[in-house]
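*Asks:* Modelling step: build the complete structure from the supplied sequences, incorporating the hints.
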Amino acid sequence: MISPNRALALIFCASLLAGCDNNPNPPPFREKRADGSPWLVRFSGLSEDPREFDPQKMYDQMSRRILEPVYDTLLEYHPMKTDPYEVRPGMLEEIPKKEVSAEGKISYLCRIKPAARFHDDECFPGGKGRPVLAKDVHFAFQRMCDPKVESPFLSNFVEYIPGLQEAHDAAEKSGKFDYDAQKLTSIELLDERTFRLHLSKPYPQILYWLAMHCTTPVAREAVEYYDGKEHDGVTRPDFRKFKAVGTGPFRIAEYVPRQRVRLVRVEGYATTTFPTDGFPPAKAEWLQQFAGKPLPLVDEVNFSIIRENIPIFILTRQGYLDGMGVNKDAFGAMITPGRELAPKWRARGLHLEKDVEPATFWISYNMDDPLVGKNRKLRQALSAAYDAQTYSDIFYNSVAPVAEQLVPPGIAGYSQTYRNPYGFNLEKAKQLIAEAGYPNGIDPKTGRPLEITLDMVAVGSEDRQRAEFEQRCFEKLGVKMKISENTFARLLQKQDTGDFQLSSGSGWGADYPDPENFFFLFYSKNMPPAGKNISRYNNPEFDRLFEQMATMENGPERLEIVNKINAILAEDCPNILNFHKAFYSVVQPWAPRTQDNAMLEGGVRFATVDPVLRAEKQKDWNRKPLWPLAILGGLVAIGAVSAVRINRRRNA
Amino acid sequence: MEALFTHWLTQNLLVLAGFSLIAWMLWSASHHERWRRAWLRFRSDRGGIIALVVVGIYLILGALEVLSFPTKSGGTRTVLDLFVGGVPAEKSYSAPLATRLLSEAKPDPVKATHLLGTDALGKDVFVETLKACKTALIIGGLTAAIYIPLGTLFGILAGYFRRRVDDLIQYVYTTLASIPTILLLVAIILVLGKGLGTMSFALGLTAWVGLCRLIRGETLRQAERPYITAARALGQSHWNIITRHILPNVLHLVVINFVLGFSGIVLAESVLSYLGVGTPVGTPSWGNMIDSGRSELSRDPMVWWNLVSATVALFGLVLSLNLVGDSLRRAFDPKRG
Amino acid sequence: MLSYVLRRLLYAVPIVLGVIAITFLLFNVLQTPQAAATLVLGPKASQQARAEWIKNRGLDKPKSEQFVKHVKNMATFNFGTSWKSGRELNEVFRTGVGPSLMITIPGFLAGLIGGVGLALYQVFVRNSLLDRSITLWAVALMSVPTVVYIIFLQAIGALMLNYFPASGFDWRGLETLKFVALPIIIMAVVNLGSDVRLYRTIFMEEITQDYVRTALAKGLSSGHVLGVHVFKNGLIALITLTVGSLPALITGSLLIENFFGIPGLGNVLVLAIGTGDQPVVMASVYLGSLLYIASLILTDICYALADPRIRLS
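Residue numbers (this note's numbering), protein chains in the order written: chain A, 1 to 652; chain B, 1 to 337; chain C, 1 to 313.
Source of the hints: derived by calculation from the structure; they are not laboratory data. A few of these clues could be false.
[To be verified] Distance windows between CB atoms, simulated:
| hint | chain 1 | residue 1 | chain 2 | residue 2 | range |
| --- | --- | --- | --- | --- | --- |
| 1 | A | Leu-613 | C | Leu-241 | 54 to 64 angstroms |
| 2 | B | His-7 | C | Phe-152 | 35 to 45 angstroms |
| 3 | A | Glu-122 | C | Glu-175 | 25 to 35 angstroms |
| 4 | C | Arg-94 | B | His-7 | 54 to 64 angstroms |
[Claimed, not checked] Facing chain C, according to a computed beta carbon distance under 10 angstroms, are these residues of chain B, among others:
| hint | residue |
| --- | --- |
| 5 | Leu-9 |
| 6 | Leu-317 |
| 7 | Asn-322 |
By construction, the Cβ of each residue, glycine as well, lies at the ideal position given by its N, Cα and C atoms.
*Replies:* Take a look at the structure:
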């Protein structure tokens, strides 16, 4: 009988032998393309599973990252033009122009490119995909009105496109949306490829919505074929969950839940090509080689689902991921004080990319609260006591810029020189709080420090640190800041019912690059629980100016109104501004970035890769030292010898 | 109510009460034959004695952090603060015994020498580790205060009265034990809110099952003995039999279970921190330090002092408790050493 | 024997009902349907979308009606779909069992073999300095939190030595081993400390028996007595004590799975609690309780088989 010790050692060695390499990535689908050139693969990471592949439903970042290469949109953001953001034609032949009829009705005439096609799929007769038609756009809008689809986008359109709410309500009452009978007249079909989009009021931002996936055409055949039910003994996937029949340069080849998603190129894709203009001067020469080329540039994309930060960092260091966002902990390892890549990583050939996302974060006040809501000086005082720069220093390595105004960089109306009159200034804060009636933070009625509650989500250790930091800032004024910890669900609930004084972690990322998308959050007609005006800010003057600028075209007149709005918000202080979202990414030397557009979710179709360089570097970065095995062997030997010795001694 | 409980006078009295309780328990134990014999055996086990001393040190540290007195400016300071409290906070990380901050962007000189460096918010790690003793001991102590009476009581009741009572108690604890501990802990804490009290309550609720089963088994065995039957025949009441005969004979199991279980409770705190239902913001705790240490290890330069300090402190306490528990077991039953 | 098992299974029914009731209560106290909808759909979703979501899942019906439907579903193993990912739960569990077992079974076996081996070795060198230091080291092993093991071993094994992938999992024939090697080692190490102490106690008890003295007197070598007789007799006690932990192996360790990105069952429950995914939690708890009861019954059967004196009344 084998001694247990030996068995243990054998198992260990076997596992070691089998684990001879540390590459977690699966082998690609093919080695070479049909013409003999190498099959190019890119390796990226996702931090969570995608939620669904239904374009009318999906809203989360992971799903967007996967669907962006798979479903084309009617218009798309130009990948290189970011200041300001611009849309260019996607599936439409040109950007539709606004037309006003004799009766004053607004509409947009849209024509779909003949090249736009659905992918080959068994839901189509003969398994071949067909061209995208105007009725598919109409069908997409119908789906948004279907209660069973649970589209979160419907409410964005009902105010501007007539007939949508009625269609939805009728379907709710009857229990089922009748796609044949319930036609939407606002999407008027003129011929096979042409349709006219009617609006009930002016809304220039509608063009941005045509660049979003909720308006992308889907094939009715696909939705009806993939119903999730059993047919002939085989259960078909559900289009509303994880089945995509797309129109873009990639299709989804594989989704292994909690492991990975793999995309493979679609042969014959011709709807859009690599841009020919708008190249940033620094990269223009290098990008010229791709100008006008057919998409995509690579053949396969592998998204690994990795939930924790540490493995992502490790895998990037080992070269098994083509790039990663530099999170807080990797930051200290990779970035120098001069905000450049540390020499160790530069020597490896990595590039640093700096991105600013059109998003702002703040701490919300509850304007209905008897204490903070009614005392403007108190709000201003707390705002002036909050040190956003140090917050950014500690938690974002000073990368995230302090927010001086609501609108983030990159959006019209953002001013680089504007300073928040109630930004960090401790002296001013102390003065203000005295003027508010609480000198040194003491409540004269009770003689003790004023007590204020700050609600937040506190799940990880970092949340705790943030809470402690915020607490410390306010307590410099002498007030007592109580932290109320909640789960995410609980906090949302409290925000809905107005059961809070201050709420940390509020913020908004732009749906589209327009200031209206941000000011909307403080519009009095947008109160919770139906709307998102968490602060419950209600100012008729603000409302008037907002309504004025909401549908104006960008220009000096609009800018003037935006400035006035900013001044009002600064004085009324319904929130304490914190930071805009900026982050760094590192990119491997074999996978340089071709575009930096933050409105795109990865821009995978424009990505490129050099596989030879990658293979070389991976070998170089993953050498395996053998000395630990020697030590282990030594320990086992010592143990055996000691046992024999002791036994001999006992039997002597 | 809460104000009364956290008042420094109450806390000091509680510490004194706690130590007096321990002293009284030791004194009354010395009067029982079985305990005296066990003590003699325990005394000769040098390893156990050393471990006991170490546990004592932790206890004293914790007590020092609870004992507090009012200061002139209206706040309170703990006795521990007297020894180590004067250390100022830095802006952010700094290495042990370093002269400059860790940040490459602004390597300002440190305001004081930090034996084990500072953490993300600049607090001295050595001081934090010492202060976290109190948190660990409180959690362990409160949890014990909940689960020991519960477990012992129900265990004895189940083992002594058997039949219906036993069935009912078995049903309760099997059902409770079937629910994954994590879920129960997270749910209770989320509902009752975070805090040392609710954490201990939740942990106690999940820990009493093990003790209950143990006591039940031993009670079953004891109750079969002839002298118990004789006592019943002589007309002694249930209450008398339980308190005079059964209870003293199962108590040693309670003590051993407590000592060994204490370490498990303290370890559980670190898992709870990882899951997000650990101690509230601002409470120094080893679990929190380990949890933050997780991501700090991949920084470059590596921030290891937070994690290592908390781990060593935790390890020291748990190891000593385990050794003491082992020695106690050997002391009470040398054959099964 | 059969009637005994049947009776125990019958006892299990009220227990499982109790478990379902408690979790149902806990969950409905933890969050309202509104909060659940907001959590799943995201903060940008409209009120209308939330209301639809609630209605489509029958969460607006009275609680008692929901409870009855829930019990029926559990009884028929109809677990429904996850709120967060929309996947069929039966499929989630089915695909999750494999990876979990790939780690827990080898980890358990490694801990068992290592523990038994070390314990026998300790008995072999009993009461020597080596014996006591092994005990000390075993206790030390037990005193380190699992989280710390994971952090350090991941840093060393994956990052510094490049032996194993830092994260991920894939069914790839023999290559699958490389993904689970580190988790198995960690699992074994975590359990080794307590296992060694337990097994040492068992085998030391055997040593004191008369038959050992007889065998040695007959002239058999210590090694033979230890490796054959003591081992076999101790095995009975060992099996009885450890068989109860077998069913729990299916659920996997949630810490290890989370850190190494193993798509196993342990991960499922933790993620579900964090995201408020009620169907997943309910189903996991239900299955977990079934497994627990199975482990209790197994242990009792083993006791009865090993010791006929125990009456099965």
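*Asks:* Of all the hints numbered above, which does this structure not satisfy? Sort the numbers upward.
*Replies:* The structure breaks only hint 5.
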